[in-house]
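**Student:** What follows is the residue order along each chain.
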Amino acid sequence: MSFLQVNNLEVTFNLRNNPLKALQSISFDLERGERLGIVGESGAGKSVVAFAILNLISRPGKITAGEVLLDGQDLSKLSSKEMRKIRGNKVAMIFQDPMMTLNPVFTIGDQMIECLKAHRKISKANAKKIAVQKLKQVQIPSPETRIDQYPHELSGGMKQRIIIAIALLMDPALIIADEPTTALDVTIQAEIMELLLELCESNHVALILITHDLGVVSHVTQKTIVMYAGRIIEQGPTNEIINDAQHPYTQGLINALPQQTLPGEKLNQIRGTMPSLQDIPTGCAFNPRCDFILDVCTQLRPAFTQSGGCSVACHMVQAMKDAEKGQDAYE
Amino acid sequence: MSQNTIATLLKMPNLWQRLKRSHLIHSFKKDKVAIASFTILMLFVGAAILAPLLAPFDPYDPSTIDIMDSELPPVWQEESEGKFLLGTDAQGRDLLSTMLYGMRTSLLIGICAVLLQCFLGVVVGLCAGYFGGRIDSFLMRIADIQLSFSTLMVAIVVLAVFQASFGAELYSKLALIMLILVIGIAEWPQYARTIRASVLAEKHKEYVDAARVMGFRNSRIMLHHILPNTLSPLLVISTVQIANAIISEASLSFLGLGMPVSQPSLGSLIASGFEYIFSGSWWISAIPGIVLVVLVMVINLLGDWLRDALNPKLYKD
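The listed protein sequences derive, respectively, from chains A and B. The numbering of the first sequence is my numbering, which starts it at 61 and goes up by one. The numbering of the second sequence is my numbering, which starts it at 9 and goes up by one.
Quick caveat, the hints were computed from the structure, so don't treat them as lab data. Please note that a few of the clues may not be correct.
[Stated by the list, open to error] Pairs of lysine-lysine, BS3-like flavour, derived with a Cα cap of 25 Å:
id, chain 1, residue 1, chain 2, residue 2
1, A, Lys-188, A, Lys-177
2, A, Lys-141, B, Lys-213
3, B, Lys-211, A, Lys-177
4, A, Lys-141, A, Lys-196
5, B, Lys-213, A, Lys-145
6, B, Lys-40, A, Lys-122
7, B, Lys-211, A, Lys-145
8, A, Lys-122, B, Lys-91
9, A, Lys-122, A, Lys-177
10, B, Lys-211, A, Lys-141
11, A, Lys-177, B, Lys-40
12, A, Lys-145, A, Lys-177
13, B, Lys-213, A, Lys-150
Could you put the whole structure together from the sequences, leaning on the hints where they help?
**Tutor:** So this is what it looks like as structure tokens:
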């Protein structure tokens, strides 16, 4: 039994009686202390996965099928009271924009103490002690002064450290980080990522890292999920996905990295854009942008094929595997 | 700067020191109109609070009133008596004392009515903005209906019906509470709309998501996280609303539906002197009238300053 198990998760947004499936058949699992990366373009549904795990999809969205098992407990069936005990306590989340995530009218300390008091019976003085200690853990200099400052008095990188400290307050078993470095300076990004990685390792915390940045994923995570138009199209061990991507979309993402191009040359981009949820093409959702399109691609949705340690939803990969098998049989 | 001062600066400043260094106080000190308005308002409020100590006579005590003293002019006019500084009204009450007590009533009604408006409006506006959907439509339609009746019309109907059905005597006892209730209930949609608009803007900010992710209750998020962030429009509209409430009370009293003559407010004083204006006793209406105008004006000027001071887009320095 894995620590976190997501089975066939489906999230539907009912817009003017027109149901849009933001997520379909999402399944993955995560062990304690394991780190998973979720990558994909904007609008692929990465953040929806995060909110679905916490059962925080806001209306008109709804989890319409599937289950999220945390330590064997189905989170999508818990009452809102029981769910509140999980949020911030067992599972914490870090958001993209540190400028916006802290409440501008309260001091850092107020916000940390409030979080502690919401989950534990604890005196204010003790709560403050824990808060200072956590601020030390995220390497905030002179935490005793910082704790009485307001968010606007701190820099972006500092704020993101504080947000990580808040996430760590209750010693969660899982942290979901939704693009934690996107809003930061490039020079700070690496520092914050390094800190997050270090803290997850030393506290044995599982991490779900949602990002655009394949470089970060390859550095931090052990497993990777690639999403496209609300579905998983490829998942497996990170090093296999980065070094030997099977799905044309994943290959496209990797080829689009600036490191893949010589200076002065144009970047390789995937042509076209992600379809909107309202008009997802039949068959493989990626087919209008794919360079290796087959006839079946426009008709049938590909099933997962095992390829090495990865499972890939692509007709081409399947055809190649079948051909290999056929050859094996022939030989 | 010595090391000691740096150390004290770095230390957590207490609330008063923080307030002293804040932008609000800074902009207040630079705005002469605001300082003047605030001074006048404080003088008025102080005079109203200290009315029993300051007033030379007690207008509520019939034994001190002599009908022979009626309609005496202020001291700078002929035929005046020295002990009545601003003259007397038609019943022989000292105008200065009556005005001090009247300002008390007017301010009390203004502030209490606004507190009531604020409470109703904030509860409705927060719920409507935060929960959205059907609750929002329902609450805001009620607000629209309430807004489509003018305050004076609602007040006149309610107060007239009350006076007619329960008699003037009971009314004169309950007039203060009735006025607070009527003005408070008639004007809450102003607050509800302002708060709802701010809540709609705030609720999609990430700190609200973060609060939900931390497992806080809806009520806690609404009251403790969103509400403090909507305080500046609330403060600005409150100043306007206090001025409005004082005016509404004065208008109602002027129409004979407000405070009874025995417990005068500024409005009912103006009304009581109105009959005597053409017989030459102008001061009974004019002096309380001027006080009312100045009171409302300084509150509005303070509101203007507050609106500019709390708007970060207007920071000048």
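**Student:** Please go over all the hints and tell whether each is borne out by the structure.
**Tutor:** Here's how the hints hold up against the structure:
no. : hint                  : in the structure
1   : Lys-188/A - Lys-177/A : holds, 10 Å
2   : Lys-141/A - Lys-213/B : holds, 23 Å
3   : Lys-211/B - Lys-177/A : holds, 23 Å
4   : Lys-141/A - Lys-196/A : violated, 32 Å
5   : Lys-213/B - Lys-145/A : holds, 23 Å
6   : Lys-40/B - Lys-122/A  : violated, 56 Å
7   : Lys-211/B - Lys-145/A : holds, 22 Å
8   : Lys-122/A - Lys-91/B  : violated, 78 Å
9   : Lys-122/A - Lys-177/A : violated, 30 Å
10  : Lys-211/B - Lys-141/A : holds, 21 Å
11  : Lys-177/A - Lys-40/B  : violated, 45 Å
12  : Lys-145/A - Lys-177/A : holds, 12 Å
13  : Lys-213/B - Lys-150/A : holds, 24 Å
Hint check: violations occur at hints 4, 6, 8, 9, 11; the rest are consistent with the structure.
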